[in-house]
Structures are given as structure tokens and as C-alpha cells.
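Given chain A's structure and the hints, the job is docking chain B onto it.
The listed protein sequences derive, respectively, from chains A and B.
Position 315 of the first sequence, counted from 1, bears residue number 299 in my numbering, the numbering being contiguous throughout.
Position 191 of the second sequence, counted from 1, bears residue number 175 in my numbering, the numbering being contiguous throughout.
The hints are simulated quantities; they were obtained by calculation from the structure and are not laboratory data.
It cannot be assumed that every hint is accurate.
[Claimed, not checked] With beta-carbon atoms standing in for the labels, derived distance ranges: (1) Pro111/B x Val168/A: 28 to 36 Å; (2) Asp96/B x Glu299/A: 36 to 44 Å; (3) Pro5/B x Trp262/A: 32 to 40 Å.
[Unchecked claim] Far from chain A by the CB rule (all over 10 Å, computed), these chain B residues: (4) Leu94; (5) Pro257; (6) Glu271; (7) Gly285.
Note that CB positions come from ideal geometry on N, CA and C, so glycine has one too.
Protein chains: 2
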Amino acid sequence: MSASEFSLIDRYFAAHDLHRPDVALGIGDDCALLVPPAGQQLVVTMDTLVADVHFFAAADPEGLGHKALAVNLSDLASMGATPAWATLALTLPKANEDWLERFCRGLFALADRYDVQLVGGDTTHGPVTTLTIQAHGFVPPGSALRRDGAQPGDGVYVTGTPGDAGLALAAAYGKALVVPEGRVYAQQRLERPEPRLAEGVALRGVASAAIDISDGLAQDLGHILERSGVGARLEVERLPLSPALAASLDWDAAIVTALASGDDYELCFTVPPERVAWLESVARGWECRCTRIGVITAEPGLRLVRADGSAFRLERLGYDHFG
Amino acid sequence: MSASEFSLIDRYFAAHDLHRPDVALGIGDDCALLVPPAGQQLVVTMDTLVADVHFFAAADPEGLGHKALAVNLSDLASMGATPAWATLALTLPKANEDWLERFCRGLFALADRYDVQLVGGDTTHGPVTTLTIQAHGFVPPGSALRRDGAQPGDGVYVTGTPGDAGLALAAAYGKALVVPEGRVYAQQRLERPEPRLAEGVALRGVASAAIDISDGLAQDLGHILERSGVGARLEVERLPLSPALAASLDWDAAIVTALASGDDYELCFTVPPERVAWLESVARGWECRCTRIGVITAEPGLRLVRADGSAFRLERLGYDHFG
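For reference, chain A alone in the conformation it holds in the complex (with noise of 0.2 Å):
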């Protein structure tokens, strides 16, 4: 096809219809025009997706779209932020039309969902389809969760169950094999992952730290750590493990998996004893699980430890890319 890089964005990007009264000015000039609401922070996050190192290149389309907002939204989730606006920039090898009106419907039918219109960006060409997205949001003054709140004594939370896009992904590397029962959610749960923005809304002035596990549960809950100055003990009997996960593997390699397999867009985060009865009473509405899994120590680490009070050896904490 021949289609020029600027009937494509009309095309595609700008037919979305989809329009906050807080835009001033979308889609197709050189700027958009945005109007923050008086009184509130701005809360920005940018994340890149490479084929073929975050998504295999011949992925759907409709759940890269998806994915691609979602793991954004997932950061604004962390922080407590209510989403608004996002910007794209697109690199694609060639402009196939097929590709992108998949690619639009995974995207918008999220942004819809959570009321976030698409307000600019930037096709270009070139050799690799990557795709950034920078995600914009709002909170209170003073009521974002960020990662350097923790306490001693505070629990450690995790929503839902870590380790499903871990399981997929090693199924797709033929490293693991998913038990038939599982095998659409474990996709899914990669492919498709629910950013917790109802839950991190929920958990302002509940949560003292917070943190998406992106990067893998023992990682970033490392992140949480080193930035608030303290250590946790975490118990891996406790971590909630989805029937998938739990069937498909045994126990320690689930585990693992759960641990420091990365993909997953669940959140963690830390409470005070004195709002825990205040959690309890939030969270029964939401629709994901919420498991208490450990506590802040005073000590500085990550100490995973059994029901015995024996150690849980773990060689590598999480994903990086230049490891």
C-alpha cells in the first residue's frame, strides 16, 4: 500500500471519537492543547514496547494495542492516578492497513474504558515496530502513592496473582507446558493484562508505598525498599498463586515464577497496621484478589522465607535489559 504517514494518522489515530472536555486542541497539529484541572498534579509515565524483546513480532495486533496502553496505564495505576490523556509514537517497517485498524481497536477499546483519549504522537518509519506511550493523569496534591513511603512493621500486599504472563511466556519459549484448563487465561493474562486503576485510586491514603510489578514482584518490591530505606520479609507460602500457575508447575518452580518472572501488571504495595482494617474494607470491592504477603523490616533486604522459617533461594530477582 501507499497510503502517505498523514492520511494514516487522519485515518487511524484521529477518527477515534473519543473527546474529554479537558482537550483543548487533539490530534493534528503541531502540539495538543491540554487543560489540567486546577488543584490537581500531573502525573506522567512513558513505556516503550520493541518487537521481538517485549512482544513477539507476529503477536496480535488488537492485544498489543491493548498491552501497549495498559502497561502505562498500569504506572498511573501505582501511583494512585486517574487516567486522562495518552500520546503515541509509532515505528512501523511498513504502514499495513490491517495491522493498524487491529491494532486501533485493542487500543481504543481499553482507552475507552477508562474515559483516556489519544491527543498526539508520531509515525514514523523504520526497521523494528516499536511503540512508546506516554500516559497522563491526575491525583490530589500530596495523595500519590509513591515508592519511598514504607515503614517497618508495615504489611506487604500484592493484587491478584503474579506469575500467569511468566507462565505464558514460558510456554511460548517451549520451556514450560500449561495444563489445557489454563492455557487461554495464562494468554490472556499475558496479552491482555487489566491495569488496577480502580484499586490504586482505592488505595490513597490507605497504601504507604506502591509499585507495579512490571518488572517482576521481588524486583520491584526491591525498588519499594531501597527507596523507603528499609528490608521486607516475605512469606512464599502466602503468595497467591492462580489455579494455572499452581497446576502447570510444581510448587517451587511456581513459586519462582511468581516471584521474578516479570509481565505482570498486578500492583504492590505497603500498609500501616493501623490502615489495615481500612484495606480490608476497601478491597472487598474490588474485582482482583488482594493478598497479604509479608512485612517491612527495619533491616534493609528481601528476605523470602518458608511456613518452616527456612530460606527461599532465588537466583535472579526479576527482569532487566541490559543484564
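Frame of chain A; chain B shown alone:
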């Protein structure tokens, strides 16, 4: 080398010591927390540079750091915005410390000059060096320079001398020979474009429409015409040619280069007759030239005419990624 992604980010990006008071939380968490000034519109733009598409993979990384930010600041300039924050998505085949150090030197030198703080981003591994920057700035409500405000009778203006970057590019591809005394100049114009930020701010309330001519003067002016529902008549003899361009190419080729080569980060803008005196007054203080090159017409389309009134033929309007 084997530095992890996280230590790389810490060392090179978080080390930037410019700290704006409107940044509540910069690099180092899931998101940045920003405080937009009350009563201003937020202006955002995103541009991607891909190795061997937008720059030579072996290009000087310091120049690349400059240019990756400059092309975005140029978009802010074209809207009349004051810059504030930037985010960077950097995809690299390998974590080369020397490359990163030089890239950061170029990026931060320009950022510091315009009080722009790098507040976040994403560093990823991938086969092709790909740079996406989002720049954020502000304008008072209603004062942004848009593409859609040109009216018949408005003068058409351009800053600086378009075509210099195109000349340097043509030389790099062996398609042109730059006169010796113009080589450093042309190369600088290609590698170190100067965003016209002060000029953009000065054009608030003066220009009826504006755009930056990153894809070529004729093509980008075409966007103003299309959005404004008007046409234009350009007198090609009025085009301001640099001495390097005028001395290196024959006259027709120089005009084509000035009109259609792209990678110039000058502003093209329109000014109603009653504000021309005002423009002349503000432009006296500019470091760059400001030249009237034509007039907006009610009849749609772009007409290029020579001094004798005959048509000047242009086969290609500018750069198109998928054309």
C-alpha cells in the same frame, strides 16, 4: 559492559541537576508528579528519531542528544509555548557508556539552556537505536499558535534560511557538493537545529497561524492551508537562502531544497495586514531572519511563482515516511 538498566538510568538521566520547582517528583518512581501552573494550557508534543531513518547510526551522539530534544522544542515553539518538562524513551542495541555520556551532554546542554527538566521515560533494549521525546510546555489559554487561523490577505513568513539541513543531507548522500566555506555551517544546521522558542512566544497575538517546517516548507505550509481552508501564493525569489546554500547549488536546485528538503526547524507563520507593523517591531530583536515570502489567498492550493509571474514547478512537496 554489564551495567543494569536501572544503574544506567540512575547514572545518566537522574544525575541531571536541573530541578524545577514545578516538579514534585522526577525520575525514579513509576510516574513523575508535575504541578502545571494555574490558568495555563498544557502543550505537549512527541517526536521519534530512528537510526538510519532520521539520523546516521554512527552520528555524533552529542549532536543527537541535542537534536532529539530540539525537534520537540521546535514543535512547542510553533505553538508559541514556553517549555518546561521532557520525557525520553530510549531504545538501544547495547548499553554503551561512552555513547550515553555524550548523548546526555548534548541533551542536557540544550535542556539547561531552556530550563527544561527531564522528568521520566523508559530505557529499553532493542536492535535499532530509537529516540522518542515528549516535550511539555505552557501557553495562556487562547494564545497558542495553531494551524487553522490563516485568512486570505495574511502575509506568509519564514524564520531563518530553510534548505540548509537539506543541503547537508544531500552532501552526505553524495548528491551535492557544499562549498568549503559552507560545510561546517550546513552540518551544524543539520545536526544542531536551534528551536525558535523566543520567536514563537513573541508571535503570540501577532501570527494568525504557525507551524514548524520539519517536513519541508511547502508541505508544512500546506498543512496550514488545509486546516485554515485557504491557499497561498509564494514568490520563490523571496525565499531567504543562506550563503552556503546559494553558493553550493544552482538557483533552481537551491529553491527546491529550500522548499522541499525537510529537517529544517524554522517557523512558517502567517500575519494579518493590521499586525505586520507589530511583527516588524518584535522581529527586530530576533537572532534569526524573518522574511515575508508570500500571501494567503482565498483560492485553495499552494501556488509557487517566479518574479515574472510564471509558475515554479516542484515535483515533491517534502518528506513523507510511507510515501
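Right, here's what the structure says about each hint:
no., hint, in the structure
1, Pro111/B x Val168/A: 28 to 36 Å, "holds (31 Å)"
2, Asp96/B x Glu299/A: 36 to 44 Å, "holds (42 Å)"
3, Pro5/B x Trp262/A: 32 to 40 Å, "holds (33 Å)"
4, Leu94, "holds (18 Å)"
5, Pro257, "holds (24 Å)"
6, Glu271, "holds (21 Å)"
7, Gly285, "holds (17 Å)"
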